[in-house]
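*Asks:* Listed below are the residues making up each chain.
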Amino acid sequence: MIKDAIRYIYIERRAYCFIAVQLALCVALFTYSLSHVTSARMAIENANNSIQSGRVNIEAHPNNENTSSLVLSNAEIHSLREITNGAFHYTAYCTTAYASGDDVTNAFIMTMDEDELSKYVVYVSSKLFSSLTDDIVFFNDSVSVVNGTLYYWGHPYEVKPMPESISGRSLITTIDGEAISMDDVLLFSCFSKNVYDDLRKEDHVVTSFSLDDGELSDNGELLWKTLRYLEEIGDGGYTFSVGSLIQEAAKYHNYSVMIPAYLGETGILLLLIAALGMIGAMRMILRKRARDYAIRLALGATEWELIRGSTCEVMILILTGGIIGCIIGAVAVKKYPFDTMFPVKLSCSVIATDMLILLILTAAMVIPVCVRIMRLRISDLLHCN
Amino acid sequence: MIELRNAYKTYNTNGNDKNVLENVNLRVERGEFIILFGRSGCGKTTLLNIIGLIDNLTSGEYLVEGINAEILSRKEAAKYRNALFGYIFQSFYLLPDLSAGENIQLPMRYKGMPRDEQKERTKILLEQVGMAGRDKEFPNRMSGGEQQRIAIARALANKPPYLLADEPTGNLDTTNRDHIVHLLSQINKEQGSTIVMVTHDRELLKYADRVVEM
Ligand SMILES: Nc1ncnc2c1ncn2[C@@H]1O[C@H](COP(=O)(O)OP(=O)(O)OP(=O)(O)O)[C@@H](O)[C@H]1O
Ligand SMILES: [Mg+2]
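In order, the protein sequence lines correspond to chains A and B.
Numbered per this note's numbering, the first sequence spans residues 556 to 940.
Numbered per this note's numbering, the second sequence spans residues 318 to 531.
To be clear, the hints were calculated from the coordinates, so they are not data collected in a lab.
For glycine and all other residues, C-beta sits at the position ideal for the given N, C-alpha and C.
Heads up, some of the hints might be wrong.
Label-pair ranges, simulated between beta-carbon atoms [claimed, not checked]:
1. 874/A - 531/B: 44 to 54 Å
2. 834/A - 455/B: 27 to 37 Å
3. 597/A - 393/B: 56 to 66 Å
4. 358/B - 562/A: 35 to 45 Å
5. 447/B - 932/A: 48 to 58 Å
6. 878/A - 348/B: 52 to 62 Å
7. 820/A - 325/B: 56 to 66 Å
8. 878/A - 509/B: 51 to 61 Å
9. 823/A - 428/B: 41 to 51 Å
10. 520/B - 874/A: 52 to 62 Å
11. 820/A - 400/B: 51 to 61 Å
Calculated cross-link-like contacts (lysine to any residue; reagent style SDA-like; alpha-carbon spacing at most 25 Å) [stated by the list, open to error]:
12. 396/B - 432/B
13. 436/B - 476/B
14. 674/A - 711/A
15. 428/B - 702/A
16. 889/A - 580/A
17. 843/A - 456/B
18. 780/A - 640/A
19. 843/A - 739/A
20. 780/A - 616/A
21. 476/B - 858/A
22. 428/B - 616/A
23. 558/A - 335/B
24. 428/B - 928/A
25. 558/A - 396/B
26. 558/A - 452/B
27. 780/A - 614/A
28. 392/B - 715/A
29. 843/A - 457/B
30. 780/A - 795/A
31. 396/B - 935/A
32. 396/B - 841/A
33. 436/B - 600/A
34. 900/A - 568/A
35. 428/B - 919/A
36. 889/A - 673/A
37. 428/B - 846/A
38. 428/B - 848/A
39. 436/B - 557/A
40. 335/B - 843/A
In isolation and in its complexed conformation, chain B is listed as follows (with noise of 0.2 Å):
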C-alpha cells in the first residue's frame, strides 16, 4: 500500500513558489488500477514522480509500504525504485546504447540477478509483450508501440508491485495505444500488479478501477 498524506510540492522558479501539489492526500492499495486524470499542469507527472520516489515532497507525508519516503536513505530508495516501482513513461526512455534485451535487463543487473536467470526472464517478459525473439534489436530501429512494448518489459523485469505509467500511450496512435492499455490491464488482472496510470485520453477511463481527478 502506498499512501500520501496533507502531500505538498512546491517548485521554487525564478524567486516565485508555486504550489504544484496541494493537501495532497491519496491511498493506493495493492492490486488496483488507479487512472489519475486532469488537465495539463495540474501536476500529474510530479506526483507520479514522488510515488516512484524519484522526487521528493516539499511537505506532508508519503508511505510506502507503510515507511516514510523521507527516512530513506539515497542507496535505500535506490533499492526501492528497483525492487517496489516499474516505471513507464510518456517517451519510452530506453537506452538507445543498448540492446532491447540489455535495456530489459537494467533493473535486473541493478538487482543483482545471476546472468542466466536474467536472460532467462528476458525471454518470458519478451513473449508476455508480445515481441519474442526481438532482445537483439535496437530501440531505434523499432516503432513507438514495439518501443513501449520493450520499456513495459522493463518495468516488469523485477516483479514490481507497483507499476507507474506516465501517458504511456501519449505518443501512440489509436492501434498501439488500445494495444498497450490492453496489456496494461491484462497484467494488472493476471499478475495482480498495481498500476497508477496517468493519462488525458478520456476514452481509457474505462479501463480503471478508480480515477482520480485532479
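Just chain A, with the same shape it has in the complex (with noise of 0.2 Å):
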C-alpha cells in the first residue's frame, strides 16, 4: 500500500512537490511567528506574576552626561539585601547591552545574564575568536590577551566563541540608540564577581534594582530605606524612580508582541490559502485518477482500500511539508529572533499546535477524497471506450 502510494506521489510529482513546499512555508512562518507570540506572552504573565507578589522596579537616572547608569559593588548588594530582609534584587541589564567604545580595536565589552553564560569566560564571536587566540594582543590598559586567555583589569578569562543564539542578535546600546553588532563585543557573563566589580571601577553596567513585598509589607519603609541608602552610593548622581512593571507589560506587548501576533494572522491566512489550494489539487488529482480507481475496484479492491491508499499519501505528503516547515520554523526561531527585549524560545504548545493544524489539514484533504471514492461509479467510468 505504500508502495502505491509512493508510486502515485511520483506520478504526481510537480503537485505533490508544490502543495508541500507551500504547506512548509506556511508552517515555517506560523512556527516563526507563534513561538513570538508565546514567548511575549510568557514574558508578560512573568511581569504580571511579579506585579502580582507586589513587586517594585526602581530606576536610576543619571543626573548629568558624564555619569552613567549607578553600579552596586557585592558588598554594597550584600547590605542592602540585609537592610530589606533580603528583598533587594538588582539584576544587571540583560537584554539590553551597554557598551562603551574605548578600545583600539573597536570592541565593546558588555555583560549579559543568560544562562549559557559561564563566569570566568569571555565571549566572542567567531571572527574576533580566530584573530585573539593566536599571540599575544594587546587591546589597551585594561584588555590584553596572551596565548588565548584574554586578561581584563588583571583577571584572566577563558575566550569561547558566542553561543549561536546570541551572536546572531542584534542589540541597541542605551548610549544613543545605535546599534552595534555582536561582532564587534567581548561579552562577560554578569554574574561573574571579576567582571562586575572592574565594570564598577570603570562604570560600565547598567543595573534595575527591584524589591520584593517591600512598599506593601510596612508602608513603603523599606523602599524609602532602599533610596536612601542608594541615593549615598550615587552620591548625588542619580534621581531614582519607583518603575511600574505593569508598564513593562504594556511596553512588551506593545514593542515586541505586534509585529510578529500580525505575522502570526498572516501565516494563518496563508495555511488557510494553502489549504484550499491542496484541496483543490487533492480534487484535480482524483478526478484524473478516477478511472484508475474504478479499473482497480472492478479487479476486486474494495472502496476502503482505495481509501487507505490516499489516505496514506496524504499523510506522507503533510509529514513531509510538516516536517520541513517546523524544521525551517525552529531554526528561523533560534538563529533569526525578531526581537531580543524578552528571551524567544520554541516551546512545546507551540509544536502541539503545529501538529494539530496538520491533523485537522489531513482530515479536511482526507474526508472529500473519501466522499469521493464511495461515490465513484465503476460502471459509468469504465462505459465509454
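Dock the two chains into a complex; use the hints.
*Replies:* Next comes the structure, spelled out in C-alpha cells:
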C-alpha cells in the first residue's frame, strides 16, 4: 500500500512538490510567529506575576552626561539585602547591552545575564575568536590576550566563541540608540564577580533594582530605606524613580508582540489559502485518477483499500511538508529571533499547535477524498470506450 | 451458475427514463462459451456490467452462484468481483503506471495472495498468453494485441470461473482478433472457464456454444 502511495506521489510529483513546499513555508512562518507570540505572552505573564507578588522596580537616572548608570559593588548589594531583609534584587541589564567604545580594535565590552554564559569565560564572535587565540594581543590598558587567555583588569578569562543564539542578535546600546553588532563585542557574564567589580571601577553596567513585597509589607518603609541608601551610594549623581511593572508588561506588549502577532495572522491566512489550494489539487488529482480507481475496483479492490491508499498519500505529503516547515520555523526562531527584549523560544505548545493544524489539514483533505471514492461509479467510468 | 430473472435496467438522462434492458432472462451454466450479439446501443455492455457486479439492476433478480446480488455489501461485491469474475475490456484498461507484471498481479494482491506465489503465477500466466518474460514492460510500449493478452492474463489471475469479455477484439486487426479469440476458446476448453463475450463481429459467432441475440 505504501509502495502504491509512493508511486502515486511520484506520478503527481509536480503537484505534490508544489503542495509540500507551500505547506512547509506556511508551517514555518506560523511556527516562527507563534513562537514569538507565546514567548511574549510568557514574558508578560512573568511581569504580571511579579506585579501580583508586589514587586517594585527602582530605576536610577544619571543627573548629568558624565555619569552613566549606577553600579553597585558586591558589598553594597549585600548591605542592601540586609537592610531590606532579603527583599532587594538586582539584575545587570541583560537583554539591553551597555557598551563603551574605548578600545583600539573597536571591541565593545558588554555583560549579559544568560544561563548559557559561564562566569570565567569571555565570549567573542568567531571572527574575533580566530584573531584572539594566536599570539599576544594588546588592546589597551584593561584588555590583553596572552596565549588564548584574556586578561581584563588583570583577571584571566578563558576565551570562547559566542553561543549561536546570542551571536545572531542585534542589540541597541542605551547611550545613543545605535545598534552594535555582536561581532564587535567582548561578552562577559554579568554574574561574574570579577567582571562586576571591574565594571564598577569603570562604571560600565546598567543595573536595575527591585524589591519584593517592599512597599506593601511596611507602608513603604523598606522602599524609603533602600532609596536613601542608593542615593548615598550614588553621591547625588542620580535621581531615583519607582517604575511600574505594569508599564513594563505593556511595553513588551506594544513593542514586541505586535509585529509577530501580525505575522501569525498572516501565517494562518496563508495556511488557509494553502489548504484550499491543497484540497483543490487533490480533487484534480482524484479526477485524473478516477478511471484508475474504477479499474482497481473492477479487479476486486474495496473502496476501503483505495481510501487507505490515498490517506497514506496525503499523510506522507502532509508529514513531509509539515515536518520540514517545523524544522525551518525552529531554525528561524533560534537563529533569527525577531526581538531580544525577551527570550524567544520554541515551546512544546507551539509544536502541539502545529501538529493539531496538520491533523485538521489531513482530515480536511482526506474527507473529500473518501466521499469521492465512495461515490465512484465503476460502470460510468468504464463504459465509454 | 449465474442467472437473470425479469431483469430491467433503466437509465435516467435529463429526466427521461430509458429502458436499456427490458425483461431479460438469461442463464449461464459453468463451462459455457456464450456470445452476446446485437446492434450497437442495445445494452450488451450494460448487461455485462450487471453480470460482473459493477452495476445494479433497476428491478428483477440477478443470482450469482445462487445468491441475490442485491443483498451483497460493497465489500462482498468486491470480493466476488475479485474471485468470480475476470473482466476483459475493449480498450484493455491496463493501469498505465504499472508494468505488465504488476498489472497482472493486481487481482492477486487484492485477494491477499503471498508475494512469491503472485510472481510464480504471473510467470505461468504470461507464458499462457504467449508473452513470457515481458513482465517488466509497460503497457504503453506494447501493441494493442499484446496489451489485450496482458489484460487476459490479468483477468485469469485468480482463476475466476467466469470470464466477461466486452468486445475484446474491437480495437484489434483481424490477425490479432483471431489470436485472441482462439486464446479465449482454448482457455474455455482446457480450463473449463465460462466465457461471456460481447461482439458484433459475425465471424466470431462460430466459436460460441451459444449465441444470445439481443
Ligand atoms: N450511465 C449511463 N447513463 C445513461 N445512459 C446510459 C448509461 N450507460 C449506457 N447508457 C445507454 O444505454 C444504452 C445501452 O448502452 P450499452 O453501452 O449497454 O450498449 P451496447 O450494446 O454495449 O452498445 P455498443 O455495442 O455500442 O457498445 C445506450 O443507449 C446508452 O446510451
Ligand atoms: Mg458496449
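*Asks:* Please go over all the hints and tell whether each is borne out by the structure.
*Replies:* Hints and how they fare:
1. 874/A - 531/B: 44 to 54 Å: Taking Cβ atoms as reference, residue 874/A and residue 531/B lie about 53 Å apart, which means the hint holds.
2. 834/A - 455/B: 27 to 37 Å: At 31 Å between Cβs, range holds.
3. 597/A - 393/B: 56 to 66 Å: holds, 57 Å
4. 358/B - 562/A: 35 to 45 Å: holds, 38 Å
5. 447/B - 932/A: 48 to 58 Å: violated, 35 Å
6. 878/A - 348/B: 52 to 62 Å: holds, 58 Å
7. 820/A - 325/B: 56 to 66 Å: holds, 60 Å
8. 878/A - 509/B: 51 to 61 Å: holds, 55 Å
9. 823/A - 428/B: 41 to 51 Å: The hint (41 to 51 Å, Cβ to Cβ) holds, given that residue 823/A and residue 428/B are roughly 47 Å apart.
10. 520/B - 874/A: 52 to 62 Å: With Cβ atoms ~57 Å apart, the hint holds.
11. 820/A - 400/B: 51 to 61 Å: With a Cβ separation near 56 Å, residue 820/A and residue 400/B satisfy 51 to 61 Å, so the hint holds.
12. 396/B - 432/B: holds, 19 Å
13. 436/B - 476/B: Distance ~15 Å between residue 436/B and residue 476/B Cα, so the pair holds.
14. 674/A - 711/A: holds, 11 Å
15. 428/B - 702/A: Distance ~76 Å between residue 428/B and residue 702/A Cα, so the pair is violated.
16. 889/A - 580/A: Roughly 17 Å separates the two Cα atoms, so the pair holds.
17. 843/A - 456/B: holds, 18 Å
18. 780/A - 640/A: holds, 12 Å
19. 843/A - 739/A: Violated, at about 59 Å.
20. 780/A - 616/A: holds, 18 Å
21. 476/B - 858/A: Measuring from Cα to Cα gives roughly 23 Å; hence the hint holds.
22. 428/B - 616/A: At roughly 84 Å apart (the allowed maximum being 25 Å), residue 616/A and residue 428/B break the hint.
23. 558/A - 335/B: violated, 44 Å
24. 428/B - 928/A: holds, 20 Å
25. 558/A - 396/B: holds, 22 Å
26. 558/A - 452/B: holds, 18 Å
27. 780/A - 614/A: Since the Cα atoms of residue 780/A and residue 614/A sit roughly 15 Å apart, the hinted pair holds (cutoff 25 Å).
28. 392/B - 715/A: Distance of about 68 Å is beyond 25 Å: violated.
29. 843/A - 457/B: Satisfied, since the Cα-Cα distance of roughly 18 Å is no more than 25 Å.
30. 780/A - 795/A: holds, 13 Å
31. 396/B - 935/A: holds, 20 Å
32. 396/B - 841/A: Between residue 396/B and residue 841/A the Cα gap is close to 24 Å, so the pair holds against 25 Å.
33. 436/B - 600/A: Violated, at roughly 65 Å.
34. 900/A - 568/A: violated, 35 Å
35. 428/B - 919/A: Given pair residue 428/B, residue 919/A is violated - Cα atoms ~31 Å apart, limit 25 Å.
36. 889/A - 673/A: holds, 20 Å
37. 428/B - 846/A: holds, 21 Å
38. 428/B - 848/A: holds, 16 Å
39. 436/B - 557/A: holds, 19 Å
40. 335/B - 843/A: violated, 29 Å
The structure fails to meet hints 5, 15, 19, 22, 23, 28, 33, 34, 35 and 40 from the earlier list, while all remaining hints are met.
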